[in-house]
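Here the structure of chain A is known, so what remains is to put chain B in place on it, guided by the hints.
2 protein chains.
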Amino acid sequence: MNVRLYNAKILTMEKHRPIFEGEVWVKNEKIVYVADQKELEADWNPAGVPRINWDIQLDCEGNLLMPGFKNAHTHSAMTFLRSYADDLPLDQWLKEKIFPMEARLTPEDIYELTRLAVLEYLTSGITSIFDMYVNPGAVAEACMDTGMRCVLVPGLNDFVSSPEQVEEEYVRWNKCGPLISYQLGFHAEYTCSKELLCQVSGLAHRHRAPVYTHMAETAREVEECRARYGMTPAVFLDSLGMFEFGGGGFHCVHMTPEDMNVFRMRRLHVITNPASNLKLASGIAPIAEFEKRKIPVAIGTDGPASNNCLDMFREMFLVAGLSKVREQNAACVSAERVLRMATVHGAKAMRLGRSDTLTKGKYADMILIDLHQPNMQPLNNIVGNLVYSGSKSNVRMTMIQGKILYKDGSFWIGESPEHIYRRCNVILQRMLSE
Amino acid sequence: MNVRLYNAKILTMEKHRPIFEGEVWVKNEKIVYVADQKELEADWNPAGVPRINWDIQLDCEGNLLMPGFKNAHTHSAMTFLRSYADDLPLDQWLKEKIFPMEARLTPEDIYELTRLAVLEYLTSGITSIFDMYVNPGAVAEACMDTGMRCVLVPGLNDFVSSPEQVEEEYVRWNKCGPLISYQLGFHAEYTCSKELLCQVSGLAHRHRAPVYTHMAETAREVEECRARYGMTPAVFLDSLGMFEFGGGGFHCVHMTPEDMNVFRMRRLHVITNPASNLKLASGIAPIAEFEKRKIPVAIGTDGPASNNCLDMFREMFLVAGLSKVREQNAACVSAERVLRMATVHGAKAMRLGRSDTLTKGKYADMILIDLHQPNMQPLNNIVGNLVYSGSKSNVRMTMIQGKILYKDGSFWIGESPEHIYRRCNVILQRMLSE
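Chains as they are written, first to last, in my numbering: chain A, 48 to 481; chain B, 48 to 481.
Pulled out of the complex, with its shape left as it was, chain A reads as follows:
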């Protein structure tokens, strides 16, 4: 498919490049041309006709083309637990409500529930997800079938999966095409024995690969780790050689200066999940501190059972707003910084360097933001509007790998939304009655 997107405001998210008016051309899965009006006039052939046979020519009507959001931490299949166990603290929520329900999931359930999440990602302009779940294969199938770009990370713990299975998945899912990749990881320090963690560290060394895990989400987790090992999770895991080849931590709410040193030394990524941290009363992450120490921050929605929605606009506002109130400083963590976290920093954390910006040669993962809506007016400061007043309702189009998967409220993911809703409701009813 060759797609010409014209009459657009363009925010490439390349460093120091301001918004300009122009066109983006897509050939099959890649961006082949990004140009402002002047470049266009210089580049076009004398007749002024593009040199490509277009399948689609989309008039962007002066709206904003930008890279899609990178949701750097989620558990997509947990859609079935949305609003099922609200208003509970993390520990009780996880052990009494979530784990027992998850034990009843089949791979077919996970496939279907992930497709429901993909629908929502698309409505929020999310073009890549970093997904941790118990059956990565079912998640991968759902993403390949719908067209979502997905980085898998295993939910390995003492009860689920094994280092052998993780290694097998690592090899398999890193060679099945550009939409899917796989990073090493495990659920969390508190659900894994030291022996298991050493095995994961062994995998990291064998494959010279980064490792990702839940880290310092609650104060209790940090305390318990201290009681067990005399160290915080970051320091303890690092002492096992876990982060020799990088990686990152999901949540990172309760971090000591020593933890931050580990992150800086090992070039680890913080992946913050502010809505989930509020809803489970886990705390407010020290984003301004990370920024000060040049620790890269990406943003994730976390799973829909703890958030409960999959909306990067909500997360962006929260990253900025919560930092300001935490530091008692309205000037800290600006809109510009937050937008970078939600896009290029996310791509870096997920090792998606080929779909991070709107640049010639990159995969065409982009979204069209409707500026002709009241919450985007006046057009004084578009980046400010995106972060502070943007909403799902502004997403007019979501394109992944050159394919338009969502446009003006309709989906092209190989299945009708109603069909997916029906199946997910059937799954939920079955689980509730089991």
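Everything labelled a hint here was simulated from the structure, so no lab data went into it. Hints are not guaranteed to be accurate.
Copies of one chain are not kept apart here, so a pair can be met inside one copy or by any two copies together.
To be verified - With a straight-line cut-off of 30 Å between C-alpha atoms, the simulated DSSO-like cross-links for lysine-lysine are:
#: 1; residue 1: Lys142; residue 2: Lys450
#: 2; residue 1: Lys341; residue 2: Lys142
#: 3; residue 1: Lys339; residue 2: Lys454
#: 4; residue 1: Lys450; residue 2: Lys341
#: 5; residue 1: Lys56; residue 2: Lys454
#: 6; residue 1: Lys454; residue 2: Lys74
#: 7; residue 1: Lys339; residue 2: Lys144
#: 8; residue 1: Lys144; residue 2: Lys56
#: 9; residue 1: Lys450; residue 2: Lys144
Frame of chain A; chain B shown alone:
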């Protein structure tokens, strides 16, 4: 206009009435019938044909009809300052950026900028606003022309308006029809002399009327009031007899137990503005404390210069989420409580008892929430979904006073959105160049 809304899930927000399936009938500006399927079958005439000539029969397709949201604190016309002065603390933001710009506004500007805000309210299912601004007349005109229900409250302070003007407005705007009403108020303790405050208190006594004001928004405000009068704002204002007939405080972030006693004794309403309090780094209001003391809480967006969007879904999530993290208790301030704050408690704070619930005889202020979207699925817990995962994109229709003003992305407010956008951008450009 006679409108039949059928095939709906209905949440009337009457106490203890769960969601049911049925119909709502509207005749001119009022609800004339709310019935579940059983009542319908019993009530309908033998031929099964409704006894009203319908102008519109709307198939709600199983979606949710509920009362519109009550935005209990805003400054609508500040749309022109959206993303103009982000990332600044309240004091600097107000004195260096906002006040100088506001001084340049004409009544025509305020009219146009308020219409822009109305567009956004409608997209978020907001059917009533409690609007404080320097020229209430221009706001009222904009609301009457667009069809928005508006409770005006004056921004009276040492530099703007006067007690005489407020009294004149109070009389005028309380007799101009059901869409507009007017409550006594002033900007804040810190912008009014004691003499002026005593005059406002005098007005309250003369009209036996409640009084509303910004209160305890920042720690500094409270400190400075203490330095001036040896009392917190709530205690000081109460000592002037200000709240003899009730009223309420906007923000109420930094409240002492004594302040809360004043609120309980005087039956004052707290109107919380969580997004604004984050963005200006003002703090997190003690909502769970208010709830414990049976102080009624309503929710406002605050103005678009400090939020920056006018979205009740964002505010609802924040009221719940911030309370949980503040109290370190994920169980506090449930979705059910928050939804009541955003609807019936708002109506009570604004004295809009005739448009608070979906009940026969009440004004038809209601919204249709799209449940056929991924963020509302599965349908396990609709109230949980509304508060924790709802979004502007779920608002399919907004009706005020029996009129459909917004439906499926289109507006019926007597003017095209593009026209309003253009004018507002012209106003902004003029102000920036002055």
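How would you classify Lys450 and Lys144 at a CA-CA limit of 30 Å: within, between, both, or neither?
Neither. Shortest intra-copy (38 Å) and inter-copy (44 Å) distances fail the 30 Å Cα cut-off.
How would you label the pair Lys144, Lys56 (within, between, both, or neither) given a Cα cut-off of 30 Å?
Classified as between: cross-chain Cα gap 28 Å, same-chain 46 Å, threshold 30 Å.
Homomeric proximity label, Lys341 with Lys142: Cα distance no greater than 30 Å:
Answer is neither: 35 Å inside a copy and 33 Å across each miss the 30 Å cutoff.
Go through the copies and call it for Lys142 and Lys450: within, between, both or neither, with a Cα cutoff of 30 Å.
neither (40 Å within a copy, 49 Å between copies)
Regarding Lys339 and Lys144, is the shortest C-alpha distance of 30 Å or less found within a copy, between copies, in both, or in neither?
For Lys339 and Lys144, only the inter-copy Cα distance (27 Å) is at most 30 Å; the intra-copy one is 38 Å.
Up to 30 Å between alpha-carbons, please classify Lys454 paired with Lys74: within, between, both or neither.
Classified as within; 19 Å inside a copy, 37 Å across copies.
How would you classify Lys339 and Lys454 at a CA-CA limit of 30 Å: within, between, both, or neither?
neither (39 Å within a copy, 46 Å between copies)
Are the CA atoms of Lys56 and Lys454 at most 30 Å apart within a copy, between copies, both, or neither?
both (18 Å within a copy, 28 Å between copies)
As a check of your reading, is Lys450 near Lys341 (CA-CA no more than 30 Å) within one copy, between copies, both or neither?
neither (35 Å within a copy, 54 Å between copies)
Hints 1, 2, 3, 4 and 9, counting from the list given before, are not met by this structure.
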